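Engineer: Chains as they are written, first to last, in our numbering: chain C, 11 to 123; chain F, 37 to 147.
Everything labelled a hint here was simulated from the structure, so no lab data went into it. Mixed in with the good hints there might be a few duds.
Calculated cross-link-like contacts (lysine-lysine; reagent style BS3-like; alpha-carbon spacing at most 30 Å) [unchecked claim]: (1) Lys87(F) <-> Lys134(F); (2) Lys67(C) <-> Lys106(F); (3) Lys21(C) <-> Lys87(F); (4) Lys95(F) <-> Lys139(F); (5) Lys95(F) <-> Lys67(C); (6) Lys88(C) <-> Lys87(F).
All figures in this text were calculated on a predicted structure; none of them were measured in a lab.
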Amino acid sequence: GAGVSQSPRYKVAKRGQDVALRCDPISGHVSLFWYQQALGQGPEFLTYFQNEAQLDKSGLPSDRFFAERPEGSVSTLKIQRTQQEDSAVYLCASTLDHYNEQFFGPGTRLTVL
Amino acid sequence: GQQVMQIPQYQHVQEGEDFTTYCNSSTTLSNIQWYKQRPGGHPVFLIQLVKSGEVKKQKRLTFQFGEAKKNSSLHITATQTTDVGTYFCAGGDGANSKLTFGKGITLSVRP
């Protein structure tokens, strides 16, 4: 595709449910980032992959958050036992190389009731 | 950890006025990037600055990286309604690929 795509665009979950958010980066982009953006805030780093290797997961808020990129392309961010404070927009970004501009997807807006 | 600050969070200008906003880091940066996010949209890359004192221009936008590589500025000449949005700076520390974003400044332009 022409850009980064994310699905679903919107997700409503009941507290305690597990959710999985998908990111399709731009073809050929080596690096992939996940961010969490709360209303009125800047994107906050969650985790980073270079190909299939997760090189930094220091931003994941708890062990309920898990991300993978098994084949070095599509990535999934999984949140187990969702809590209300997990409500946010989850943004995925990819770059050709880790030092370059990041291309963001449209995000997934997660609402936990 | 690294902090990137943008103050204020909101600014309102009359169309045609100039606008300047600043970004300050608690640590020396290896590079700084600026992004623009329109309401309901996602961040879109504007520019990257790498060298101390670097200045880059994009039409009516001028970006500068401070000599100490701890601050940056964005200046818009003669604002237009199309400039509306939230402008984020994001700093890289060079140790890894992680970017630390500021909270952004939301610009509104009165026609």
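Engineer: Hints first: check each against the structure and report whether it holds.
Structural biologist: Now for the hints, and whether the structure bears them out:
| no. | hint | in the structure |
| --- | --- | --- |
| 1 | Lys87(F) <-> Lys134(F) | holds, 18 Å |
| 2 | Lys67(C) <-> Lys106(F) | holds, 25 Å |
| 3 | Lys21(C) <-> Lys87(F) | violated, 42 Å |
| 4 | Lys95(F) <-> Lys139(F) | holds, 25 Å |
| 5 | Lys95(F) <-> Lys67(C) | violated, 38 Å |
| 6 | Lys88(C) <-> Lys87(F) | violated, 38 Å |
Figure legend: structure checked against the earlier numbered hints; hints not met, in rising order: 3, 5 and 6.
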